[in-house]
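J.: Heads up: the protein sequence lines correspond to chains B and E, in order.
Sequence positions in the first sequence follow the working numbering and run 1 to 377.
Sequence positions in the second sequence follow the working numbering and run 378 to 655.
Don't read these hints as lab results, they were simulated from the structure.
As the structure is a prediction and not an experimental result, all values here were calculated from the model.
Possibly wrong hints are sitting among the right ones.
[Unchecked claim] Footprint (simulated), chain E over chain B, 3 or more residues, beta carbon under 8 Å: (1) 159-168; (2) 221-227.
[As the list claims (entries may be wrong)] Heads up, incomplete: computed chain B residues facing chain E, CB under 10 Å, no partners named: (3) Cys29; (4) Leu33; (5) Gln35; (6) Arg89; (7) Phe171; (8) Ala172; (9) Ser174; (10) Gly176; (11) Leu177; (12) Val179; (13) Arg218; (14) Gly275; (15) Arg276.
Ideal Cβ placement from N, Cα and C applies to all residues, glycine included.
Residues per chain, in single letters:
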Amino acid sequence: MLELLGNFTVQTVVIGAVFLGIASGLLGCFAVLRQQSLMGDTLAHAALPGVCIGFLIAGSRHLGWIMAGALGTAVVAALFVQMVTRHSRIKTDAGLGIALSVSFALGVVLLTYIQGQSNASQGGLDSFLFGQAAATQREDLWFMGGVTLVALVLVMLCWKQFKLVTFDPLFAGSIGLPVVVLESVLTSMIALAVVVGLQMVGVVLMTAMVIAPAVAARQWVKQLHHMVILAVVFGIISGVIGVLISASVRHLATGPVVVLVISAIVAVSILLSPGRGVLWSWIHRQRERRTIGQRQMLTTMYKLAAHHDDPYYPVERSMLDSFYGVRTDAILKRLHNQGHVAPASHMPTEGIHWTLTDTGYSEAVRILQSIGAEPSP
Amino acid sequence: MSIRKLLGKNDTAQCHRLHEPDQALHIEDLTVAYEGKPVLWDIDINIPPGVMAAIIGPNGAGKSTLIKAVLGLVRPTAGHICIHGHPPAESLRRIAYVPQRSAVDWDFPTTVLDVVMMGRYAHLGWFRWPGRRERRHAMEALESVGMAELSHRQISQLSGGQQQRVFLARAMVQDADVYFLDEPMAGVDATTEKTVVRLLQELRDAGKTVIVVHHDLQTVRDYFDWLVILNVRVVAQGRVPEVYTGENLRRAYGGRIALIDSGTGEDSSGAVAREASR
Numbered sequence: 001m002l003e004l005l006g007n008f009t010v011q012t013v014v015i016g017a018v019f020l021g022i023a024s025g026l027l028g029c030f031a032v033l034r035q036q037s038l039m040g041d042t043l044a045h046a047a048l049p050g051v052c053i054g055f056l057i058a059g060s061r062h063l064g065w066i067m068a069g070a071l072g073t074a075v076v077a078a079l080f081v082q083m084v085t086r087h088s089r090i091k092t093d094a095g096l097g098i099a100l101s102v103s104f105a106l107g108v109v110l111l112t113y114i115q116g117q118s119n120a121s122q123g124g125l126d127s128f129l130f131g132q133a134a135a136t137q138r139e140d141l142w143f144m145g146g147v148t149l150v151a152l153v154l155v156m157l158c159w160k161q162f163k164l165v166t167f168d169p170l171f172a173g174s175i176g177l178p179v180v181v182l183e184s185v186l187t188s189m190i191a192l193a194v195v196v197g198l199q200m201v202g203v204v205l206m207t208a209m210v211i212a213p214a215v216a217a218r219q220w221v222k223q224l225h226h227m228v229i230l231a232v233v234f235g236i237i238s239g240v241i242g243v244l245i246s247a248s249v250r251h252l253a254t255g256p257v258v259v260l261v262i263s264a265i266v267a268v269s270i271l272l273s274p275g276r277g278v279l280w281s282w283i284h285r286q287r288e289r290r291t292i293g294q295r296q297m298l299t300t301m302y303k304l305a306a307h308h309d310d311p312y313y314p315v316e317r318s319m320l321d322s323f324y325g326v327r328t329d330a331i332l333k334r335l336h337n338q339g340h341v342a343p344a345s346h347m348p349t350e351g352i353h354w355t356l357t358d359t360g361y362s363e364a365v366r367i368l369q370s371i372g373a374e375p376s377p
Numbered sequence: 378m379s380i381r382k383l384l385g386k387n388d389t390a391q392c393h394r395l396h397e398p399d400q401a402l403h404i405e406d407l408t409v410a411y412e413g414k415p416v417l418w419d420i421d422i423n424i425p426p427g428v429m430a431a432i433i434g435p436n437g438a439g440k441s442t443l444i445k446a447v448l449g450l451v452r453p454t455a456g457h458i459c460i461h462g463h464p465p466a467e468s469l470r471r472i473a474y475v476p477q478r479s480a481v482d483w484d485f486p487t488t489v490l491d492v493v494m495m496g497r498y499a500h501l502g503w504f505r506w507p508g509r510r511e512r513r514h515a516m517e518a519l520e521s522v523g524m525a526e527l528s529h530r531q532i533s534q535l536s537g538g539q540q541q542r543v544f545l546a547r548a549m550v551q552d553a554d555v556y557f558l559d560e561p562m563a564g565v566d567a568t569t570e571k572t573v574v575r576l577l578q579e580l581r582d583a584g585k586t587v588i589v590v591h592h593d594l595q596t597v598r599d600y601f602d603w604l605v606i607l608n609v610r611v612v613a614q615g616r617v618p619e620v621y622t623g624e625n626l627r628r629a630y631g632g633r634i635a636l637i638d639s640g641t642g643e644d645s646s647g648a649v650a651r652e653a654s655r
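Turn these sequences into a full structure, and let the hints guide you.
T.: Here it is in C-alpha cells:
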C-alpha cells in the first residue's frame, strides 16, 4: 500500500488528508468540549449553498472561490444559530435544525439550478456532497493548507482565552475577556475545518471528521493540549489510511472510507482507553465485586471461628455454599492463592473443609476494624 | 480592555470620576430585566470595605444576577455600579469571582493546578502563557485550601467539596480587593465549609471585602458581619445584628415562612431561619 505514496495524484490527496486531519482535529476539540458537536453538522450542510455561490462567481470549479463561498455561508449559519439561541426562546437544537435544513435546501436548489444550465464546466459540483478526493489538484493544496495554517495560528495565539472560555465562560467574562467575540470565533472556526474537508469528505459526512477525532482523543488524555495534539494525530492517521485504502481499491470513495477509519479509532478508544474506557470500567467493577466477595468470606469464616472459640476452625464448604446461596469454591480458591485460607483435613464421609490461615485471620480482623464492626486494638 | 469597551460592556458613564470611593461596592438604581421582566428593580446597595457580606433572599430573588451584573456578565437595564469608586470594567483586576460549581463541565480535560492558574490569566496579558511564577502562586493557594497533594489530579476525579476548594484557590490567586462568591457553601461537606469560611474570614481580616451569595439562613449570624436581604428589591441591608430580624426575613421570604415559634422576641429570627432554609 505504501508504494502508492510514490504516485503523484496519491501524494496530492495524502497531503490534503493531512491538512484535513490537522484542521478537524484541532478545531473539533473545542467544538466537542463546548458541546457544539452538532454545530459541525449544521455548518457542513450550510457550506453547500456557499459552494454553489462560489462556483457562480468564479464561473468554474475553482476551489479557492468555492471554499470562500462555503466559509461565508457556514459562518453566517454559525452566527445565525448563536444569535437565535441567545436572543430568543428557541433552544440550540431547534436553532441548529432550522439552520441545517434551510441552508441545505437552499444549497440543493442552487445545485440543481447550476446543473440545469448548459455550462461545460459545471461538472462534478455534486461531488462536494460526498467529496471526491481524487479530483484534488496540486494548487488546491495551497487553499487547504492556507486555511489550516490560519486555524493553527489562531488557536496558538488565543490558546489561553479559548481554553478559559470553553471551560468557564462566566469566569472568563469576569476577568474581562470578550466572551461573545471569542465564542463566535470558536464557532466560526468549525467552518474552517469544514471547508478544508469539502474536497475530501464532502458536506454530508464532514461532521464526523469534526467530532470523531476529538471524542477519541478525549478518552486517552488528562489535559486539553494533549487532547488537541492527539486529535490531530488521529485526524491525520485516519485521513492518510483512508486515502491509501481507497487508492488501492478501484472506485472506492475516499471520504466515507476516511470516516470509517476514524470511526474505528473512536470505537477502540471508547472500549479500551484506560480510566474512561468501557472495558476498563467493566474490569474494574468485576474486580471490585470479587474483592467484596472475598472480604465477606473472610469475615464470615472469622465469625464462625470466633463462635467456636477456635481460630483454626475448619468450615465445610457446603456450609458456606448454603450460607451464601451460591457455590463458593471460586472465591475460596482465590483466597487460597492469596494465602488467606488453607484446606483442612476432614472425615472421609464429609466434603472439603477450609480454615483461616494466620494472615487470613489478621486480614479479617483488619476488615472488621475498618468498617467499625470490631474494636480497634 | 479596549475590546471590552468596544463591546460597550459596563460603560457606566456616571463613574468617570471617583464616585463613592469609600464604599467597596456601590450600586445605584440598578435594574436588570430578562425578556422585559425585572429580575432586579431599583437596587441601591452600599457595602463598606473590609466586611464579609452575605446576600440572601428566596429563589428567584436575583442574587446571582446581582453578582453577574456587577461583573459585567449581564447587562443592566438601568443604574450604575462602582467598585472602590471605579466602574467595574476599569477595576477588573481588583475583583475575584467564584461562579457556582455547576456552571462548568467538570469533565473538561484539565488538572487542578491548571484551573487554579486560570486565576492569573487577567494579570498575564493576552499572549503570555502562565509560567513558573504563576505555578508557584497556584501551589501556595492550593496549600491553603488543603489541596496541594491533589494538584496534578484530573478535575473530573474531584468530589464536590474539592471542586469548591479549587475554585476558591483560583479566586485567591487573583489577588483582588473585592471577592464575589456565588453559593460557595452549597452542597459541600462540613470540612470544606469550615475551610471556605476560615479562608474568607482571613481575607476579610486582611482588609479585603468578601461578598457571598448565601443560601443557609441558619449560619448567617455565625459567618457574616454584613447582610443584604434581597427579593428583586433590597429588603434590608446593614450590619448583621441590625438587619437579621424576623421582620426583615418575613418581608423577603413572604408566605414561604410560617412561624412555628410564636416568638419570644429575640428568638424569632432563629425560628424563621430554620423554616426558610430548605
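J.: So, for every hint listed, does it hold in this structure?
T.: The hints, checked one at a time:
1. 159-168: Result for this restraint: holds, n = 8.
2. 221-227: Three-residue rule met by the stretch 221-227 of chain B, so holds; n is 6.
3. Cys29: OK, holds: Cys29 (chain B) within 10 Å of chain E, min 9 Å.
4. Leu33: Hint on Leu33 (chain B): holds, closest Cβ of chain E at ~6 Å, below 10 Å.
5. Gln35: holds (8 Å)
6. Arg89: Given a least distance of 8 Å, the restraint on Arg89 (chain B) holds.
7. Phe171: Where the cut-off is 10 Å and the nearest Cβ of chain E is about 6 Å from Phe171 (chain B), the hint holds.
8. Ala172: At about 8 Å, which falls below the 10 Å cut-off, the nearest Cβ of chain E leaves the hint on Ala172 (chain B) intact, so it holds.
9. Ser174: holds (4 Å)
10. Gly176: With Cβ-Cβ at 4 Å, under 10 Å, it holds.
11. Leu177: holds (8 Å)
12. Val179: holds (8 Å)
13. Arg218: holds (6 Å)
14. Gly275: holds (9 Å)
15. Arg276: Holds - the Cβ of Arg276 (chain B) comes within 10 Å of chain E, reaching about 9 Å at its closest.
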